[in-house]
Amino acid sequence: MAVTADLSKIVDKAWQDKSLEEILDAPVEALAGVSENGGKLIREALGVKTIGELGRNKYFRAAQALAALADAS
79 MAVTADLSKI
89 VDKAWQDKSL
99 EEILDAPVEA
109 LAGVSENGGK
119 LIREALGVKT
129 IGELGRNKYF
139 RAAQALAALA
149 DAS
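All residue numbers for the sequence shown refer to the numbering used here, where the first residue is 79 and numbers rise by one.
Check each hint, because a few of them may be wrong.
[Unchecked claim] With a straight-line Cα cutoff of 25 Å, these simulated DSS-like cross-link-like pairs (lysine-lysine) come out:
no., residue 1, residue 2
1, Lys91, Lys127
2, Lys87, Lys118
3, Lys96, Lys127
4, Lys96, Lys118
5, Lys118, Lys136
6, Lys127, Lys87
7, Lys91, Lys118
Hints are computed from structural coordinates only; laboratory data are not their basis.
All chains, full assembly: derive it from the sequences and hints.
The structure is reproduced here in structure tokens:
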């Protein structure tokens, strides 16, 4: 199934024409709003190097699940 998404508010301009695989392998600072220093802090604090690792991180997934539960109630 083909899926399309507007990445203009999700990733920096340099990454908007990349494949999903390339974006998931990109450093976290490729996300819109994450500075180079912010990416460094995320790597140091959580050992997360890529957008894919960040999205699959157990702490972020747990926080997202808790927020979804709160929003649903």
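Hints and how they fare:
Annotation: proposed proximity of lysine 91 to lysine 127 holds, straight-line Cα distance about 19 Å (limit 25 Å). Only pairs whose Cα atoms come within 25 Å are accepted, and lysine 87 paired with lysine 118 is accepted, the gap being roughly 21 Å. The hinted pair formed by lysine 96 and lysine 127 meets the criterion: a straight-line CA distance of about 18 Å does not exceed 25 Å. Between lysine 96 and lysine 118, the direct Cα distance comes to roughly 22 Å. Compliance with the 25 Å bound is thereby established for this hinted pair.
Pair hint lysine 118 plus lysine 136 holds up; C-alpha atoms about 19 Å apart against a cutoff of 25 Å. This hinted pair checks out: lysine 127 and lysine 87 have alpha carbons roughly 21 Å apart, not beyond 25 Å. Of the supplied pair hints, the one linking lysine 91 and lysine 118 holds, its CA atoms being roughly 20 Å apart against a limit of 25 Å.
When the structure is compared with the earlier hints, no violation turns up for any of them.
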